[in-house]
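Colleague: Below are the chains, spelled out letter by letter.
2 protein chains.
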Amino acid sequence: MSVCIEELGKRARAAAARLALLSDKDKNLVLEAAADELIRHKYEILAANGLDVAAARAKGMKESLVDRLTLSTARIEGIAEGVRQVAALPNPVGEVVTDTVRPNGLHIREVRVPLGVVGMIYEARPNVTADTFALCFKTGNAVILRGGSDALQSNKAIVAALHAALKACGRPEDAVLLVEDTSREGAAQMMRLRGLIDVLIPRGGAGLIRSVVENSTVPVIETGSGNCHIYVDESADPDMAVRIIHNAKTQRTGVCNACESLVIHRNIADRAIPAIGADLLAAGVRIHGDEETCRLLPQAEPATDEDWYTEYLDLEISIKVVDDLDQAIEHINRCSTQHSEAIITRDPAAAARFRAEIDSACVYVNASTRFTDGFEFGFGAEIGISTQKLHARGPMGLRALTTSRYLIDGDGQIRG
Amino acid sequence: MSVCIEELGKRARAAAARLALLSDKDKNLVLEAAADELIRHKYEILAANGLDVAAARAKGMKESLVDRLTLSTARIEGIAEGVRQVAALPNPVGEVVTDTVRPNGLHIREVRVPLGVVGMIYEARPNVTADTFALCFKTGNAVILRGGSDALQSNKAIVAALHAALKACGRPEDAVLLVEDTSREGAAQMMRLRGLIDVLIPRGGAGLIRSVVENSTVPVIETGSGNCHIYVDESADPDMAVRIIHNAKTQRTGVCNACESLVIHRNIADRAIPAIGADLLAAGVRIHGDEETCRLLPQAEPATDEDWYTEYLDLEISIKVVDDLDQAIEHINRCSTQHSEAIITRDPAAAARFRAEIDSACVYVNASTRFTDGFEFGFGAEIGISTQKLHARGPMGLRALTTSRYLIDGDGQIRG
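Each protein sequence line maps, in turn, to chains A and B.
Counting along the first sequence from 1, when you hit position 327 you're at 329 in our numbering, and nothing is skipped either side.
Counting along the second sequence from 1, when you hit position 174 you're at 176 in our numbering, and nothing is skipped either side.
Keep in mind the hints are simulated off the structure, nothing from the lab.
Note that the coordinates shown come from a computational prediction; the quantities given were computed from them, not determined experimentally.
One thing to keep in mind: the hints can contain errors.
Intra- or inter-copy, both count: the list cannot distinguish identical chains.
As the list claims (entries may be wrong) - Straight-line distance between alpha carbons at most 25 Å, and here's what the computed DMTMM-like set of lysine to aspartate or glutamate pairs gives:
| no. | residue 1 | residue 2 |
| --- | --- | --- |
| 1 | 12 | 307 |
| 2 | 61 | 318 |
| 3 | 27 | 8 |
| 4 | 169 | 83 |
| 5 | 44 | 318 |
Construct the complete structure from the given sequences, taking the supplied hints into account.
Modeller: So, in structure tokens, the structure goes:
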């Protein structure tokens, strides 16, 4: 019943060779058409999404995850607007990264080119489907999408709109292919398509990402797992700490840049913890605290060692008290997923040390971790947030979807 | 007997945290000292290398590989000079890649930082040992070296010189660690050190690289396998073709940028093949040709299908005749390892199509593929030549050994 995944890989590879030769103007026409078609297909998409949401609720999906699955007219308009924003962005493909003439007269240019075929394995977030297509297409890549089974109807409706746009513009519909086999076996097959898929980007829970990292022979960009910390320094403005922590924990909970753990300097704990705790408890947040936290905040539950490593993705948080900045840095570097961490401080020296020594993709001083996002960073959209060090780190926009090639022109040079 | 490899990983990780805080000046002092110590340890290194070379010859190692293993006073001086050249290069660490202020006032800087711990698995090429240390140390990375068993004595002597330099400068000797267990098990253990090694770079034969790609959970940069093609277009200057092909095939055969396969346009075959063939045969090259080649050059042996995919690393070459540029591009993209390919042509349109459609790291017009090299590209040295698309492509110098981090400064911003 399902199309063989290797066959999808070959079709994507053939489409990629054609996409690589398109101009930016050609590609923008398709993206504008795709935005139009998403709006035009709005009712089909909402109907399909309604089926997905009803099925998800019926099987008892957590509300924070249902929120990520749910589309509305406003959200579809937002998705279409995101596609138009990508079209309007400068295109990194074709950029000359370096340009040198060697003493022997060889002219060496490093130019940005598409990666080729991108594979995306993600959970039930239909907005990712259109975002990913826009970013991949803008950069001349074909993309194979394997979304979560809970969003399958939504994804089919969205991809139908994208195919309508490609067809109308005379471009290969295989530029975006949806894997309808949402079993584990389907994902496992994608992970072995070395040579047909150039990069595999898993977005989702820690289990999915670990499975891809362990099993893929296709190069992987690890994304999204975010055990994000906020450290409240002894010099912090307590009101600012309350405001930033409230935002980072409660504004949206099912996302990777939400704050999951607080680290509080002992010298400010007796003022900060009751204030922060009262605010979070009023917002319905469950608090897992160390001994000192539980003493200062009787409503907190004792934290287990596992809590320090847990990405709750829900109205839950852990709180640890430390003696100094050294201990805070050591604790965060040990427990974090190297995604986003923040310090609240009025001390420039503490801020400088935190910036230099915290080994995470995004390091904040006096701001909410919720800003780790392609839109917020000005990339127009994002296909994920890399938590690895290779190729791309932090929010990934267009540039992360390109590679480079050296073009060397001579007039008969040989090596001596 | 051998030190546990996980223990080496932990020591390297601890050293990396210290290296990340060193200034460029601090690091250059160590590199200058390392160059001095390599010269000062010259006789120990030559004596150790003599043992390795004698053992290699005794077991019948191919001469092209013995050449890569062999050190001389001149080669050691060249290695030391390479280390000094790296010290003199501008340091990418600390570079601000992007710097923006968002409408909400957030100041976002993307800065280059070390990768952390680099793992290197390579064959019996002792020059790689010092080159790799220099490039990794300059960029603030610790490095774990696992060289080929045939070079173990040479590598121990070189690393002893490097440790002497680190010690003299008061820097952690664990900045460079040599895995003395050169068994397959030792390499396999390195491939599982996820979290302790940030990137694994295999250099060597196709078998080694395939094994690392299949088994590593540490992110890998695939390098070095070079089935490099030269295409002789119908408009080529036949004399230039002979000169470039002679250089690309015979100047040094055991290296990945040597030419392994020729593709000749049918309209020039009867002039080009006898001339190129005569030159290569005179240089002792064994020729595997397709039917047309064997007709024009009776000394050629019939090529098997396997020949088109073979990296000989020796005085051997395959030759195929094609009808047109389309066929040449199709054949090369199918058979090459995406390393380096060249076109010999006087036709700008053919050159432009070759540049645009050949999907390799380095694409040459009228020059020898032998220039694919960090020194020749002006990088000061190289730690390998990436044949993958992710992170780095082509010769890798300092920049390939860095990643980036976003530093975001605010004054209380929260997300709306």
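Colleague: Where does the structure disagree with the numbered hints, that is, which hint numbers, in rising order?
Modeller: 3, 5
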